[in-house]
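All chains, full assembly: derive it from the sequences and hints.
Chains as they are written, first to last, in this note's numbering: chain Z, 1 to 118; chain V, 1 to 286; chain E, 1 to 291.
Please keep in mind that the hints were generated in silico from the structure rather than gathered at the bench. Since the structure is predicted, the reported quantities are computational estimates derived from the model, not experimental observations. Virtual Cβ for every residue (Gly too), placed ideally from N, Cα, C. A couple of the hints might just be wrong.
[As the list claims (entries may be wrong)] Far from chain V, some chain Z residues (derived; all Cβ distances over 12 Å):
(1) 8
(2) 12
(3) 28
(4) 30
(5) 52
[What the hints assert, rightly or not] Label-pair ranges, simulated between beta-carbon atoms:
(6) E:249 x V:86: 33 to 43 Å
(7) E:241 x V:277: 45 to 55 Å
(8) E:109 x V:276: 41 to 51 Å
(9) E:153 x V:230: 35 to 45 Å
(10) E:85 x V:245: 38 to 48 Å
(11) E:232 x V:258: 52 to 62 Å
(12) V:137 x E:232: 22 to 32 Å
(13) Z:83 x V:59: 16 to 26 Å
The primary structure of each chain is shown beneath.
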Amino acid sequence: MIIVISSTGDSKYSVLDSRFGRCSNFAVYNSKTDTYEFVENSAAASGHGAGISAAQKVTDLKANVVLTGNLGPKAKQVLDASGIKGYQVHDMKIEDAVHAYQNGEAREIASAGPSHQG
Amino acid sequence: MKIAILSGKGGTGKTTVSTNLAQIMRLNYVDCDVEEPNGYIFLKPVIQKTEEVFIPVPLIDSDVCTLCGKCADSCQFNALARTMSNVLFFEELCHGCGACTIVCPALAIEEVNRPIGNISTGEYESLNFMDGKLNIKEPMAGPIISKLKKSIPEGIDTIIDCAPGTSCNVVKALEDTDYAILVTEPTKFGLHDLKLAVKLVRNMQIPFGIIINRSDETVNMIKVYCETETIDLIGEIPFSRRVAEMYSNGLLLTKDLEFGKIFHEIASNLRNLIDSEVEQAGDACK
Amino acid sequence: MQIVVISGKGGTGKTTLAASFAYLGDTELIKVDCDVDASNLHLMFGGRNIESLPFEGAKLATVTESKCTSCGKCISFCRFNAIKILDNSIAIDPMKCEGCGACTQVCDENAIKLEDEVTGNTIITDSDLGIISRAEMIPGAEGSGKLVTQVRKNALSYSQSDNTHFIIDGSPGVGCSVMASITGCDYSVIVTEPTMSGFEDFKRVYALTKHFNLKSVVVINKYDINEHVTAQLEAHCDEMSIQVAGRIPFDRTVDKSINSGIPIIAYDESEAGQAIIDIWNQFEQILEEKK
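Below, the structure written as structure tokens:
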């Protein structure tokens with residue numbers, strides 16, 4: 001499966017970025033190969049709709065799961081329509097976030113948080 | 001001839017000046033402050049027609065849509081998102097530009113009208129009155145202002161009451177006008193924002209003059225600025241509690257003896273200034 | 001907690017009230033000026049700008065003349081009348097262009113592209129009374145709502161803890177700038193005046209706050225200019241279960257205070273100042289409870 005994590009940097013030791021729409025990078029973890037790829041988040045500079053644009057990007061990356069701090073209502077709407085689940089993880093390294101999810105320690109984001117928080 | 005009234009700072013007296021000048025000079029009046037229109041309170045028009053204003057927005061036929069995502073990629077406002085199952089549309093972000101419709105290779109997008117507000121047309125004292133109103137929770141006033149401007153009949157002298165500030169809403173109201181009146185008040189805030197409004201009209205190359213409202217002993221801060229910048233001072237309306245009360249009751253000041261005279265004088269100065277602008281423009285063309 | 005001061009109608013006293021609250025609050029209270037096209041809050045405080053960054057809030061179509069064949073296709077697709085034919089090329093009016101890119105999609109010669117446009121500067125001012133996050137929009141620029149959103153984000157980045165409070169000076173109106181100022185706030189203080197215009201505008205901006213699920217309180221400024229309309233306003237608020245936090249009398253000292261840069265609450269004899277202090281005390285209680 002593909003897990004996408006909102007990240008502050010471009011290594012698996014970087015800290016997770018709790019903002020989804022405007023995080024600086026997306027970490028793309030492939031569980032089959034146990035490898036990480038990093039993609040810059042061009043939506044970060046967006047005006048309104050950064051969350052939508054970021055969710056679109058995550059869809060294009062064919063993610064199954066997203067790990068982040070907060071998902072605004074529009075971003076969640078886009079991810080829901082693609083069957084991508086969001087899980088809430090707090091500030092920790094990307095690698096640790098993936099392990100937390102795999103160990104069932106991350107809480108599923110069932111409803112969207114407030115808008116304009118990322 | 002179209003005369004626009006703007007200010008920079010809110011509450012300096014745009015509507016006071018525009019409604020009273022319109023009445024005394026027998027001009028048609030258009031209220032382009034579509035977020036908070038107030039001109040009707042003072043001119044008390046008989047409204048003959050109200051029509052909705054729409055913007056064209058995409059409607060995607062999911063049977064034809066291939067989920068290629070080109071529409072979402074083309075949208076500069078993030079109003080479209082391609083998901084694994086459909087294309088989502090976020091209407092409040094849509095500017096009605098039609099880019100998505102142009103790029104769709106499957107011709108899956110049809111444009112439909114989405115209402116964002118309305119325009120009313122009517123008469124006050126046998127003169128034309130128009131205003132626009134943005135629906136609450138709609139973010140964009142622009143299309144209504146543009147529609148209002150398009151609806152102004154040619155060859156009829158009109159006063160255009162603009163919104164406060166210096167944003168794109170004011171620009172749309174100012175476009176293709178012949179003269180601008182900047183209404184200010186003698187306070188630090190008034191002067192600060194007046195300078196921004198002056199920058200705007202200069203950028204747009206619209207000849208302009210200033211009216212100082214609520215003038216009192218501090219008026220020199222504006223007068224000195226006008227002199228330094230060689231800006232025409234059209235007139236001054238002195239501060240008066242009586243005026244504030246009349247305004248609060250929705251009354252035109254032209255009905256008052258003292259202020260009626262003041263507006264007559266302002267109207268006369270304005271006519272002279274506009275005539276000399278027209279003359280200068282004519283000379284420049286020779 | 002984020003408290004936003006709005007009005008609907010311009011000139012009712014938003015900035016006077018927001019500045020007064022800022023003086024009465026402690027220096028940790030972050031001040032946010034969201035009236036980006038007529039930014040006045042900082043005029044009441046001294047200090048210096050410690051950050052000023054250009055903000056690219058819009059896109060602008062630009063044409064490469066050497067590639068343009070003046071076919072005019074872009075003109076027929078531009079919905080904003082931003083393009084005209086000029087000599088051997090086309091001219092794009094930057095004031096009218098909304099940066100939608102429709103023209104870039106139809107141009108067969110790839111002669112047009114969208115470029116980022118600076119629409120203003122975001123600024124952080126370090127005043128004697130703490131941080132002010134504000135912006136100066138370029139007169140006539142598009143995208144004021146985006147600039148407001150950035151000003152608020154900048155303010156958030158200065159918050160020291162979860163207990164930092166924000167006082168936000170909003171802009172007049174009910175459109176995208178105001179929406180960007182009020183979204184996510186905890187309270188809105190609607191400053192109105194007892195005039196027919198003020199009353200109508202108040203109703204519209206209140207409806208907007210309901211849509212955003214904001215708790216609102218009302219302050220009636222210059223209430224004694226027309227006590228009849230004040231009574232109507234208060235009756236309306238009562239009917240709608242909207243709390244009136246206070247009334248401020250008309251006081252010419254306010255203009256003096258603006259011109260001298262001294263807060264109205266510092267004038268001991270000012271009745272307006274005293275009324276504002278009473279209103280603030282109510283808020284302070286709420287902020288204390290939140291801590």
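Please test the hint of 52 to 62 Å on the beta carbon pair from residue 232 (chain E) and residue 258 (chain V).
At 28 Å between Cβs, range violated.
Taking 35 to 45 Å as the stated bounds, is the beta-carbon spacing between residue 153 (chain E) and residue 230 (chain V) within them?
holds (41 Å)
Whether residue 8 (chain Z) stays farther than 12 Å from all C-beta atoms of chain V, as the label says
Given a closest Cβ separation of 23 Å, the condition holds.
Given as non-interface: residue 30 (chain Z), which should sit over 12 Å from chain V by C-beta:
holds (18 Å)
Compute the least Cβ-Cβ separation between residue 52 (chain Z) and chain V, then decide whether it is above 12 Å.
violated (5 Å)
With respect to the beta-carbon atoms only, verify the hint that residue 137 (chain V) and residue 232 (chain E) lie 22 to 32 Å apart.
For residue 232 (chain E) against residue 137 (chain V), whose Cβ atoms are near 25 Å apart, the range 22 to 32 Å holds.
Assertion that residue 12 (chain Z) lies outside the chain V interface [Cβ separation over 12 Å]
Since the minimum Cβ distance to chain V is about 27 Å, residue 12 (chain Z) lies beyond 12 Å and the statement holds.
Distance restraint evaluation - residue 83 (chain Z), residue 59 (chain V), Cβ atoms, bounds 16 to 26 Å:
Once the Cβ atoms are compared, 24 Å apart, the range 16 to 26 Å for residue 59 (chain V) and residue 83 (chain Z) holds.
Does the Cβ distance between residue 85 (chain E) and residue 245 (chain V) fall inside 38 to 48 Å?
55 Å Cβ-Cβ, so the 38 to 48 Å window is violated.
I want to verify a distance hint. Is the separation of the beta carbons of residue 109 (chain E) and residue 276 (chain V) within 41 to 51 Å?
holds (46 Å)
Quick one: are residue 241 (chain E) and residue 277 (chain V) within 45 to 55 Å, going by C-beta?
Roughly 54 Å apart at Cβ, these two residues keep to the hinted range, so it holds.
That 33 to 43 Å hint for residue 249 (chain E) and residue 86 (chain V) (C-beta), does it hold up?
violated (58 Å)
Consistency note: the structure conflicts with the earlier hints numbered 5, 6, 10 and 11.
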